[in-house]
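K.L.:
Next come the chains, spelled out residue by residue.
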Amino acid sequence: MSEFLLIFISAILVNNFVLKYFLGICPFIGVSDEVTASLNMGMAVTFVMTLTAPFVWLINTYILARFNLPFLEYVTDIIVIASLVQLVEMFIKKYSRGLYNTLGIYLPLITTNCAILFSALFLVLRNYNFIQSIIFGFGSGIGFTLAIVIMAGIREELEYADVPKPFKGAAITLLVAGLMALAFMGFAGMPSA
Amino acid sequence: MNTIILVAVLTMAGLGTFFALILAFFSKKFAVQDDPRVEEILAILPGVNCGACGVASCHLFAESLLANKVPINGCIPGGAEVAEKLSALLGVESEMPEKKVAVVHCGADANVRKLRARYQGVETCSAANMIAGGELACIYGCLGYGDCFDVCPFDAIRMIDGLPRIDLIKCTGCGKCVIACPRDIISLEPWDGSHPLVTVACNSLDKGKDVRKICPVGCIACKICEKLSPELFKVENNLARFNTPNLKEYDNWEKPLEKCPTNCIVKLSDKVPSLSK
Chain W
13 MSEFLLIFIS AILVNNFVLK YFLGICPFIG VSDEVTASLN MGMAVTFVMT LTAPFVWLIN
73 TYILARFNLP FLEYVTDIIV IASLVQLVEM FIKKYSRGLY NTLGIYLPLI TTNCAILFSA
133 LFLVLRNYNF IQSIIFGFGS GIGFTLAIVI MAGIREELEY ADVPKPFKGA AITLLVAGLM
193 ALAFMGFAGM PSA
Chain H
18 MNTIILVAVL TMAGLGTFFA LILAFFSKKF AVQDDPRVEE ILAILPGVNC GACGVASCHL
78 FAESLLANKV PINGCIPGGA EVAEKLSALL GVESEMPEKK VAVVHCGADA NVRKLRARYQ
138 GVETCSAANM IAGGELACIY GCLGYGDCFD VCPFDAIRMI DGLPRIDLIK CTGCGKCVIA
198 CPRDIISLEP WDGSHPLVTV ACNSLDKGKD VRKICPVGCI ACKICEKLSP ELFKVENNLA
258 RFNTPNLKEY DNWEKPLEKC PTNCIVKLSD KVPSLSK
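So the sequences go chain by chain: W and H.
Heads up: the first sequence at position 139 corresponds to 151 in the working numbering, and the numbers run straight through without jumps.
Heads up: the second sequence at position 162 corresponds to 179 in the working numbering, and the numbers run straight through without jumps.
Just chain W, with the same shape it has in the complex:
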């Protein structure tokens, strides 16, 4: 049990995808100007990551490893991710048209979100078992959500701040991202999986 908790906490805080590995920066910058939208984006990513993990694990263990096809890993990962993103898109379009319009192009772009591909590759690299994979996928998604929501919260406040002209827009956003990454370095001493 403590092993699962360790994987979970480590994926959220210690090895946060956005702030430690700098993965998934595109939506992290692109959809982080509003807390609600970024929360929804985070949830969509979490959903895809959590579902990707078991599929990838099953395909890797029972097909790729058995038939000695490790070179197909990237391709199969992409198939799984792309299909799941399609699924999420249909789901959101059906149940929340407003969210569908808010996320816009960033929704199909989850397909090319490197954080998701990375999480799929990572769980194979680390030899996680089935349950561990799911927990790792879920934790990574929560970590991404955490980072993007904090970022959105800061950016909402930044709207009212007197930012010097050369730093306005993307520049100050990247500075904030860097400072957040520094803050998350504080977790680096914690034991991680």
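Treat the hints with care, since some could be wrong.
[What the hints assert, rightly or not] In the DSSO-like style, the derived pairs of lysine-lysine whose C-alpha atoms are separated by at most 27 angstroms in a straight line are:
no., chain 1, residue 1, chain 2, residue 2
1, H, 276, H, 226
2, W, 106, H, 226
3, H, 288, H, 272
4, H, 240, H, 251
5, H, 284, H, 116
6, H, 276, H, 224
7, H, 102, H, 117
8, H, 272, H, 230
9, W, 105, H, 46
10, H, 86, W, 105
11, W, 106, H, 288
12, H, 226, H, 244
13, H, 272, H, 251
14, W, 105, H, 45
15, H, 244, H, 284
16, W, 106, H, 45
These aren't lab readings, by the way, just hints derived from the structure by calculation.
Following the hints, position chain H against chain W.
P.N.:
Frame of chain W, contents of chain H only:
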């Protein structure tokens, strides 16, 4: 070696089919019922996504129309025809929008333009205008790089001798060229074809003496037109303007046209009775 390729291909094909089936199943299950009227409205709209109605695209206009957020005659390029069809489709009364056309207020083509410098930069009006106000001696005149021609979604503008000529039948009055022109030479004038279209083809606020030096066809504010036909022409700030609200008293326009010393009052079109139903 061959078996590995075969197995790899089979694996990919199998996985692809598997996920395709899942997606097919869920696309049925999560199918979204779009309002069928959106498609019908889209079929009526011109579909050029010009943005003159105030929303970003024709699709958005159709949705906003159903949500009552835009007026039924909001489609400016579509004009009366589209408004009529839409009101027939939705059963809503519609006021017909006034038909407007774009009119160019400069008559100096490439043959008569005087230059004060040579410009070798990016060939757009907005770029040329930014560099110390462009290479033309006249700071009000048409630069002739055709920014208006580039943005026109209806193919209604032709550049002839460096001056935009507007096809008044094709022009829908969407106003894209008005926004594109960095010198505000183009304006939208109400015109429904029931009378000839006359305008003052000059935009210069310089004094008559200064205009004479740099342009043979500019308005010199001699006020002859105003004297001959005071209800139609008005001279203000060294520039004659055709007074469009007085279109009803539209008789006395031929004389000023003849008498204008620089010929800057021009007739752009005769009556087009087919336009005004």
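K.L.:
Hints first: check each against the structure and report whether it holds.
P.N.:
Against the structure, the hints:
Taking the CA atoms of residue 276 (chain H) and residue 226 (chain H), the gap is near 19 angstroms; set against the 27 angstroms cutoff, the hint holds. At roughly 69 angstroms between alpha-carbon atoms, residue 106 (chain W) and residue 226 (chain H) are farther apart than 27 angstroms, so this suggested pair is violated. For the proposed pair residue 288 (chain H) and residue 272 (chain H), the alpha carbon gap of about 17 angstroms is at most 27 angstroms, so the pair holds. Pair hint residue 240 (chain H) plus residue 251 (chain H) holds up; C-alpha atoms about 8 angstroms apart against a cutoff of 27 angstroms.
With a CA separation close to 18 angstroms, the supplied pair residue 284 (chain H) and residue 116 (chain H) stays within the 27 angstroms bound. Taken as a hint, the residue 276 (chain H) and residue 224 (chain H) pair is honoured in the structure, with Cα atoms around 20 angstroms apart against an allowance of 27 angstroms. Taken as a hint, the residue 102 (chain H) and residue 117 (chain H) pair is honoured in the structure, with Cα atoms around 19 angstroms apart against an allowance of 27 angstroms. Pair hint residue 272 (chain H) plus residue 230 (chain H) holds up; C-alpha atoms about 26 angstroms apart against a cutoff of 27 angstroms.
Between residue 105 (chain W) and residue 46 (chain H) the alpha-carbon distance is near 12 angstroms, which keeps this suggested pair within the 27 angstroms criterion. Proposed proximity of residue 86 (chain H) and residue 105 (chain W) is supported: the alpha carbons are some 22 angstroms apart, at most 27 angstroms. Only pairs whose Cα atoms come within 27 angstroms are accepted, and residue 106 (chain W) paired with residue 288 (chain H) is rejected, the gap being roughly 53 angstroms. Note on residue 226 (chain H) and residue 244 (chain H): the hinted pairing holds, with a Cα-Cα distance of about 20 angstroms set against a maximum of 27 angstroms.
At roughly 15 angstroms between alpha-carbon atoms, residue 272 (chain H) and residue 251 (chain H) fall within 27 angstroms of each other, so this suggested pair holds. For the given pair, residue 105 (chain W) sits about 13 angstroms from residue 45 (chain H) by alpha-carbon distance, which is consistent with the 27 angstroms threshold. For the suggested pair residue 244 (chain H) and residue 284 (chain H), the alpha carbons sit about 19 angstroms apart, so the restraint of at most 27 angstroms is met. Pair hint residue 106 (chain W) plus residue 45 (chain H) holds up; C-alpha atoms about 11 angstroms apart against a cutoff of 27 angstroms.
In this structure, the hints that do not hold are numbers 2 and 11, in rising order.
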